[in-house]
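Here is what each chain is made of, one letter per residue.
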Amino acid sequence: MKNTLSFNLSLHRSDFTLEMTSTLNSGINVFFGPSGSGKTTFLRILSGLEPEATGFIEFENKIFLNSSQNIFLNPQERSIGYVAQHDSLFPNMNVLQNVLFGAQRIPKSQRMYRAMALLNKVGVAEKAHLLPAKLSGGQKQRVALARAFVSNPSLLALDEPFSALDSPTRIRLGELVRDFQKEHQVPVVLVTHDLFDVFSLAHHLCICSNGTIVQQGTPEQILANPMHNDVRDLVTYPRFVELQKTMVTMPVR
Amino acid sequence: MDTNILSAIQLSLWVATLATFIVTLLGTCLGYVFAMRNFRGKMFFEIILLLPFVLPPTVVGYFILVFFGRNGIAGSFLEKVFNFSILFHPAGAVLAASVVSLPLMVRVAQSAIASVNKDLLETAYTLGHSKLKTAIFVILPTAKRSLFAGIVLSFARCLGEFGATLMVAGNIPGRTTTMPLAIYSSASAGEWEQARTLVITLTLISTCFLLIVRAFERKAL
Numbered sequence: 000m001k002n003t004l005s006f007n008l009s010l011h012r013s014d015f016t017l018e019m020t021s022t023l024n025s026g027i028n029v030f031f032g033p034s035g036s037g038k039t040t041f042l043r044i045l046s047g048l049e050p051e052a053t054g055f056i057e058f059e060n061k062i063f064l065n066s067s068q069n070i071f072l073n074p075q076e077r078s079i080g081y082v083a084q085h086d087s088l089f090p091n092m093n094v095l096q097n098v099l100f101g102a103q104r105i106p107k108s109q110r111m112y113r114a115m116a117l118l119n120k121v122g123v124a125e126k127a128h129l130l131p132a133k134l135s136g137g138q139k140q141r142v143a144l145a146r147a148f149v150s151n152p153s154l155l156a157l158d159e160p161f162s163a164l165d166s167p168t169r170i171r172l173g174e175l176v177r178d179f180q181k182e183h184q185v186p187v188v189l190v191t192h193d194l195f196d197v198f199s200l201a202h203h204l205c206i207c208s209n210g211t212i213v214q215q216g217t218p219e220q221i222l223a224n225p226m227h228n229d230v231r232d233l234v235t236y237p238r239f240v241e242l243q244k245t246m247v248t249m250p251v252r
Numbered sequence: 000m001d002t003n004i005l006s007a008i009q010l011s012l013w014v015a016t017l018a019t020f021i022v023t024l025l026g027t028c029l030g031y032v033f034a035m036r037n038f039r040g041k042m043f044f045e046i047i048l049l050l051p052f053v054l055p056p057t058v059v060g061y062f063i064l065v066f067f068g069r070n071g072i073a074g075s076f077l078e079k080v081f082n083f084s085i086l087f088h089p090a091g092a093v094l095a096a097s098v099v100s101l102p103l104m105v106r107v108a109q110s111a112i113a114s115v116n117k118d119l120l121e122t123a124y125t126l127g128h129s130k131l132k133t134a135i136f137v138i139l140p141t142a143k144r145s146l147f148a149g150i151v152l153s154f155a156r157c158l159g160e161f162g163a164t165l166m167v168a169g170n171i172p173g174r175t176t177t178m179p180l181a182i183y184s185s186a187s188a189g190e191w192e193q194a195r196t197l198v199i200t201l202t203l204i205s206t207c208f209l210l211i212v213r214a215f216e217r218k219a220l
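Those protein sequence lines, which keep their order, are chains A and B. According to numbering that gives the first Met the number 0, the first sequence holds residues 0 to 252 in order. According to numbering that gives the first Met the number 0, the second sequence holds residues 0 to 220 in order.
Calculated pairs, DSBU-like style, for lysine-lysine (alpha carbon to alpha carbon, straight line, at most 30 angstroms):
{"no.": "1", "chain 1": "A", "residue 1": "K107", "chain 2": "B", "residue 2": "K143"}
{"no.": "2", "chain 1": "A", "residue 1": "K126", "chain 2": "B", "residue 2": "K117"}
{"no.": "3", "chain 1": "B", "residue 1": "K117", "chain 2": "B", "residue 2": "K143"}
{"no.": "4", "chain 1": "A", "residue 1": "K133", "chain 2": "B", "residue 2": "K143"}
{"no.": "5", "chain 1": "B", "residue 1": "K132", "chain 2": "A", "residue 2": "K126"}
{"no.": "6", "chain 1": "A", "residue 1": "K107", "chain 2": "B", "residue 2": "K117"}
{"no.": "7", "chain 1": "A", "residue 1": "K126", "chain 2": "A", "residue 2": "K181"}
{"no.": "8", "chain 1": "B", "residue 1": "K132", "chain 2": "B", "residue 2": "K143"}
{"no.": "9", "chain 1": "B", "residue 1": "K143", "chain 2": "A", "residue 2": "K126"}
{"no.": "10", "chain 1": "A", "residue 1": "K133", "chain 2": "B", "residue 2": "K132"}
{"no.": "11", "chain 1": "A", "residue 1": "K120", "chain 2": "B", "residue 2": "K132"}
{"no.": "12", "chain 1": "B", "residue 1": "K117", "chain 2": "B", "residue 2": "K41"}
{"no.": "13", "chain 1": "A", "residue 1": "K133", "chain 2": "B", "residue 2": "K130"}
{"no.": "14", "chain 1": "A", "residue 1": "K61", "chain 2": "B", "residue 2": "K132"}
{"no.": "15", "chain 1": "B", "residue 1": "K130", "chain 2": "A", "residue 2": "K107"}
{"no.": "16", "chain 1": "B", "residue 1": "K132", "chain 2": "A", "residue 2": "K107"}
{"no.": "17", "chain 1": "A", "residue 1": "K133", "chain 2": "A", "residue 2": "K120"}
{"no.": "18", "chain 1": "B", "residue 1": "K130", "chain 2": "A", "residue 2": "K61"}
{"no.": "19", "chain 1": "A", "residue 1": "K126", "chain 2": "B", "residue 2": "K130"}
{"no.": "20", "chain 1": "A", "residue 1": "K133", "chain 2": "B", "residue 2": "K117"}
{"no.": "21", "chain 1": "A", "residue 1": "K120", "chain 2": "B", "residue 2": "K117"}
{"no.": "22", "chain 1": "B", "residue 1": "K130", "chain 2": "B", "residue 2": "K143"}
{"no.": "23", "chain 1": "A", "residue 1": "K61", "chain 2": "B", "residue 2": "K117"}
Derived list of chain A stretches under chain B, where covered just means 3 residues or more per stretch with a C-beta under 8 angstroms from a C-beta of chain B:
{"no.": "24", "stretch": "44-52"}
{"no.": "25", "stretch": "72-81"}
{"no.": "26", "stretch": "101-111"}
A short list of chain A residues far from chain B (calculated; beta carbon distances all over 12 angstroms):
{"no.": "27", "residue": "R169"}
{"no.": "28", "residue": "Q180"}
{"no.": "29", "residue": "H192"}
{"no.": "30", "residue": "H202"}
{"no.": "31", "residue": "D229"}
It is worth saying that the hints were derived from the structure and are not from the lab. All C-beta atoms in this analysis are idealised placements derived from N, C-alpha and C, irrespective of residue type, glycine included.
One chain only, chain A, in its complex shape (with noise of 0.2 angstroms):
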């Protein structure tokens, strides 16, 4: 099925256990839990850059990885739009350089027309000629997903990446997320802790805990029915409750 991912993963290292069976489609999936549930683990598996992970990955009817038939991806081959947690512009090129880098997999007539564009939208086009270090977090972030959006990926990839960032950049930054969403109607996997962050993008939610997806479903459906305890103890979380109440009142997602 067109923009569907599934996947049945496996990961086993000595302090840790990854198992993760799931179908997202196009939309926006978040993944929601506390540090060390294995989000980033996932997301960086799906993302080719754990090759010690068993199991299968397919999208779009594309095989990424089955272990039992040996088949893997690099992550050169995966075309996924990863934008890792922390700062990772690249700090030898400028804002411009460093999109046109992530312009890899389009004609390289349409790369400087659509790095511009990008810069534009994301509202750092004057900048597009300084250096990383001369960016606050919130325009780096920006011009990391103008990076990951460059080249069409037929899925994105974002990895917490609006953690530090202050509510009025990350709600901006999350409407960038919605928009290009919206636009190429790609599944876009965020994994993140913060609650904001569910209630205003989630189109779909996957608890995460010790490894595993506890339950899923939409935010709503999980409100509703919470199915495990960690899930329980989640929805009757003061803060939790408090911005379900905001969030019901903002036009979102």
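Dock chain B against chain A, hints included.
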């Protein structure tokens, strides 16, 4: 200035330049491999490569003679195929300087490359870039200050190389006599004026290189 002094300065600069070129290429590649890859026997290769750093240069010269002498594996090959021997030839001085300064460059390159943020490399891979392209466009430019410091220090080490050069290339005035060898010959023969000129020249050049390294270190902070 005495022609022997001029010739020694000229040869030293040539030898150091060529050896630094070789060491930069080889040392950066080996530093990359040691920093980025884990393989069976890695520690063994690292120790072998680091040995010239801790062994007396005469011992390194002895090993070079064993390999590149007329009966050595590499020496007999060069003799048979190219009818060429590096012994008592300026190429021997280049080889000796390269072998002695290679560990320095490897260590500097290895730690410089290992300190590049892994997120940057992984991001480059997910953007569709190969490991080679990532190395050229991300790793080397990010590590350039430390690599440049390593190159300058290697050049200074090559310039001061004495023991291994004497063992391999000999001390033939006008042909294989580098500055350190000329200083030794002049002092041995009691020609203190000539020795002093060479000592001052070598000290000045080395000080300049150390100043360049310090300037780069300060810029990197």
